[in-house]
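Novice: Here the protein sequences come in this chain order: A and G. Per this note's numbering, residue 16 is the first one in the first sequence, and the count goes up by one each step. Per this note's numbering, residue 26 is the first one in the second sequence, and the count goes up by one each step.
By construction, these hints were calculated from the structure, which means they are not laboratory data. Accuracy of the hints is not assured; some may be wrong.
What the hints assert, rightly or not - FRET-style restraints, in silico, Cβ to Cβ: (1) A:Arg24 with G:Phe139: 37 to 47 Å; (2) G:Val360 with A:Leu221: 40 to 50 Å; (3) G:Ile164 with A:Arg318: 58 to 68 Å; (4) G:Leu125 with A:Phe168: 52 to 62 Å.
Unchecked claim - Residues from chain A that keep clear of chain G, each with C-beta distances beyond 10 Å, as calculated: (5) Arg67; (6) Pro85; (7) Leu99; (8) Asp187; (9) Thr195; (10) Ile254; (11) Val257; (12) Ala381.
Every residue gets a Cβ at the ideal spot worked out from N, C-alpha and C, and that includes glycine.
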Amino acid sequence: MVSFFKNSRLRAWFIQALVLLATVGTLASFILITRQNLLDLGIATGFGFLDRSTGWPINFALFEVTARSPYAHILLAGLLNTLLVGLLGISLAVLLGVIVGLMRVSRNFVLNLIGTTFVEAFRNVPLILQVFVWYAIFTHLPSPRGAISIFGFGFLSNRGLMLPTFDMSGWDIVIFVLGTGLFGYLIASFASSRDALRRHVWPLILGVVIALFVVLLFIGRTPGEAIINVPELRGLRFIGGVAIKPEFSALLVAIAVFGGAYIGEIVRGGILSIDRGQIEAARALGLSNYQVNRLVTLPLAFRAILPALANQIIWLMKATTLGIAIGYPDYFMVVSTSINQSGQTIELLSLLMGGFLVINYSIGFAMNRLNRHLAIKGQGG
Amino acid sequence: MTAVIAPPQIETTYLGWAKRRLFASPGDTVLTLIFGGAMIWFFQFLLDWAVVNATWAEGGKELCREVSGACWSVIGARGRLIFFGLYPYEEHWRSTFACLLIIATMVLSCVPWFWSMKRLPVLWLSGFGAFVVLMYGGIFGLKVVTTEQWGGLSLTVFIFCAVVVIGMPLAIGLALARRSKLPVVRLVAGSIIDLFRSLPLLTILFTAAVVVPLTVPDWAQGNKLGRVVVAFALFFACYQAEIIRAGMQAIPDGQEEAAAALGMKYGSRIFDILLPQAFRNSLPSTINQFVITFKETSIVTIIGFFEIMASANAAVGTGEWTAQYIEVYFFVGFVYFLFVFGLSRYGAYLERRARLSNVR
Numbered sequence: 016m017v018s019f020f021k022n023s024r025l026r027a028w029f030i031q032a033l034v035l036l037a038t039v040g041t042l043a044s045f046i047l048i049t050r051q052n053l054l055d056l057g058i059a060t061g062f063g064f065l066d067r068s069t070g071w072p073i074n075f076a077l078f079e080v081t082a083r084s085p086y087a088h089i090l091l092a093g094l095l096n097t098l099l100v101g102l103l104g105i106s107l108a109v110l111l112g113v114i115v116g117l118m119r120v121s122r123n124f125v126l127n128l129i130g131t132t133f134v135e136a137f138r139n140v141p142l143i144l145q146v147f148v149w150y151a152i153f154t155h156l157p158s159p160r161g162a163i164s165i166f167g168f169g170f171l172s173n174r175g176l177m178l179p180t181f182d183m184s185g186w187d188i189v190i191f192v193l194g195t196g197l198f199g200y201l202i203a204s205f206a207s208s209r210d211a212l213r214r215h216v217w218p219l220i221l222g223v224v225i226a227l228f229v230v231l232l233f234i235g236r237t238p239g240e241a242i243i244n245v246p247e248l249r250g251l252r253f254i255g256g257v258a259i260k261p262e263f264s265a266l267l268v269a270i271a272v273f274g275g276a277y278i279g280e281i282v283r284g285g286i287l288s289i290d291r292g293q294i295e296a297a298r299a300l301g302l303s304n305y306q307v308n309r310l311v312t313l314p315l316a317f318r319a320i321l322p323a324l325a326n327q328i329i330w331l332m333k334a335t336t337l338g339i340a341i342g343y344p345d346y347f348m349v350v351s352t353s354i355n356q357s358g359q360t361i362e363l364l365s366l367l368m369g370g371f372l373v374i375n376y377s378i379g380f381a382m383n384r385l386n387r388h389l390a391i392k393g394q395g396g
Numbered sequence: 026m027t028a029v030i031a032p033p034q035i036e037t038t039y040l041g042w043a044k045r046r047l048f049a050s051p052g053d054t055v056l057t058l059i060f061g062g063a064m065i066w067f068f069q070f071l072l073d074w075a076v077v078n079a080t081w082a083e084g085g086k087e088l089c090r091e092v093s094g095a096c097w098s099v100i101g102a103r104g105r106l107i108f109f110g111l112y113p114y115e116e117h118w119r120s121t122f123a124c125l126l127i128i129a130t131m132v133l134s135c136v137p138w139f140w141s142m143k144r145l146p147v148l149w150l151s152g153f154g155a156f157v158v159l160m161y162g163g164i165f166g167l168k169v170v171t172t173e174q175w176g177g178l179s180l181t182v183f184i185f186c187a188v189v190v191i192g193m194p195l196a197i198g199l200a201l202a203r204r205s206k207l208p209v210v211r212l213v214a215g216s217i218i219d220l221f222r223s224l225p226l227l228t229i230l231f232t233a234a235v236v237v238p239l240t241v242p243d244w245a246q247g248n249k250l251g252r253v254v255v256a257f258a259l260f261f262a263c264y265q266a267e268i269i270r271a272g273m274q275a276i277p278d279g280q281e282e283a284a285a286a287l288g289m290k291y292g293s294r295i296f297d298i299l300l301p302q303a304f305r306n307s308l309p310s311t312i313n314q315f316v317i318t319f320k321e322t323s324i325v326t327i328i329g330f331f332e333i334m335a336s337a338n339a340a341v342g343t344g345e346w347t348a349q350y351i352e353v354y355f356f357v358g359f360v361y362f363l364f365v366f367g368l369s370r371y372g373a374y375l376e377r378r379a380r381l382s383n384v385r
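Pulled out of the complex, with its shape left as it was, chain A reads as follows (with noise of 0.2 Å):
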């Protein structure tokens, strides 16, 4: 037995087969048990369920769903709401971090004590409590008759902030999102290899979506009709436009604020790793500050910082869950509610668990798609 174990390539078999028996094993006991309690419980196991109608309704969703629309379609809307408030939010994030990040190096002291002070005040609080803070807040606003006015446009009362639309059908605006990322790839890697174009890429690629935009608002619609929805009261509820739901605003303004407070960190850091001669440099080429900011230390600040705001982006993706603290039905919230009613545990988790793996990875292959875009060339190769 001792000499057993002195021999070390024995020993390396030996403790590997036990790992992988542990690992096997409790894998195989996990997926038993549960089957068996099912079984007891009388619920099926298998995805037959997604076409069944859930008999609950959401209330915040980008298509139509009722309490009759079936499991999948509920799922998918979760996981678009999730998405939605999630990109919207990141991108917010990520305006007003560049913004925090910028006055914290500045040498203005206002400008710098500001940005301190936002930082500080957002970072050391849990996110949760905002989220809860900011629902709050716009519950608390005065009720639809007491709405708040923004130049007759816009509402914004404890029901949420009405706006005024375009009149276009969900099917228009899909298509329109879809065709506004074809167009701008295909621009895009076109003018990419023809140097008179490439200086217009930006103009070109607002042109082709305006003009898809208008295509879209005029087909296909019945002729008198305003183009422009312009929400309205009448009664206790107002009519027309769109509503933010108070759920919605609250947690995006919670993330925005809350990981503006982080990226401002990560790019205070980006900016601060800066060689100084680069900028010195700059300075003495006779560019000013704000070509300075635009030209030299964003740009080699973003490539410094990718890495942790690629990480810090997919923290706050994961951190729409917290929606379902003030009922935002985002895809975890549509998830465990399924579960209570449906009972199908181990489907519905596997898919939840699915749909953040498909999530994260697609943005950690598009930060890295990035950032090897944006590497050095020629350096380390």
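Once you've looked at the hints, dock chain G against the given chain A.
Specialist: Relative to the frame of chain A, chain G by itself:
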């Protein structure tokens, strides 16, 4: 012919400072005036609300109608609920004492004398053990208070400490397993770490609270708090393991090779040579992870625990004080701020210290 240019003079007077930091250029002056004005207005407003026009008087919510600022009376009326949750009224002193004990443990572990692989675990295990004894009771004539009745700040502190105390050894184990020479061990540890890191904490805690009873045999279920804490600790360990691994990678290979050449055993190589250096290298990230973990304890409120976030919601949830939500959230936010800001300032101090001692 070379003209020598004098180095730029930095004026050290107040006037010079103002010229450099406030009025360096016309654009700067405009920015200073606009944002400075806005900031003064904001802080004036905050001060008026929180102090000048506020009341601390004890009593019902009728007092709040008389003031235009903050009505801190709600803290007096609901403070016990916020701090102690459902903990029995006459045992509140135990909860207070337990929290102070943990704070003392935290402060003590900032003292460099305790920074060794033996003293720190002993300090934390005894501090945490004493905390659990005080909170749970059952011996020394203390009445038993089951975990269902725990709440408020002490539950927050309990979850944080339990996660760190259970999670830290797990993290070391996972980090060592991930750099093991055995491919199967490496693969299993790597998969666990990657899986946990790519899922939101809330989904993991939800799984532990709701789903695990279905998937494990009855004897392994424990109570809900126990399951959630263990799942949280695993989540923490997966993040912390990567931090420790990064700290190990920064150690030159020669260190471990030299130890092996001297004939040191595996355990001794790890605990006397590798880990102390790895921890020193990863101290800033570790403290950052503690900060994040402390804030994330608030997430358990969603799966039905009565820690300080949930008790704050309960304090304004009942009809009487609903209008005072800002005051209560402000107060709870301040409690979190004290812990988190203190910890992160300490982390920044350690970082500065490490930078200075690295200069040779």
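Novice: If a hint holds in the structure, say so; if it doesn't, say that too.
Specialist: Against the structure, the hints come out as follows:
The hinted window of 37 to 47 Å between arginine 24 of chain A and phenylalanine 139 of chain G holds, with their beta carbons roughly 41 Å apart. About 49 Å separates the C-beta atoms of valine 360 of chain G and leucine 221 of chain A, a value consistent with the hinted range of 40 to 50 Å. Distance hint check for isoleucine 164 of chain G and arginine 318 of chain A: the Cβ-Cβ separation is about 59 Å, which falls inside the suggested range of 58 to 68 Å. Taking 52 to 62 Å as the suggested C-beta distance range, the pair leucine 125 of chain G and phenylalanine 168 of chain A conforms, at roughly 56 Å.
Every beta carbon of chain G lies more than 10 Å from that of arginine 67 of chain A, the smallest distance being close to 21 Å; the non-interface claim holds. A cut-off of 10 Å between C-beta atoms confirms that proline 85 of chain A is not in contact with chain G; the least separation is 23 Å. The non-interface label for leucine 99 of chain A is consistent with chain G: the shortest C-beta to C-beta separation is roughly 17 Å, beyond 10 Å. At roughly 33 Å from the closest C-beta of chain G, the C-beta of aspartate 187 of chain A stays outside 10 Å, upholding its exclusion from the interface.
Taking the minimum C-beta to C-beta distance to chain G, about 29 Å, the non-interface status of threonine 195 of chain A holds against the 10 Å cut. A cut-off of 10 Å between C-beta atoms confirms that isoleucine 254 of chain A is not in contact with chain G; the least separation is 30 Å. Every Cβ of chain G is farther than 10 Å from the Cβ of valine 257 of chain A; the closest lies at roughly 28 Å, confirming the non-interface assignment. Every CB of chain G lies more than 10 Å from the CB of alanine 381 of chain A, the least distance being 15 Å, so the non-interface label holds.
Taken one by one, the earlier hints all hold for this structure without exception.
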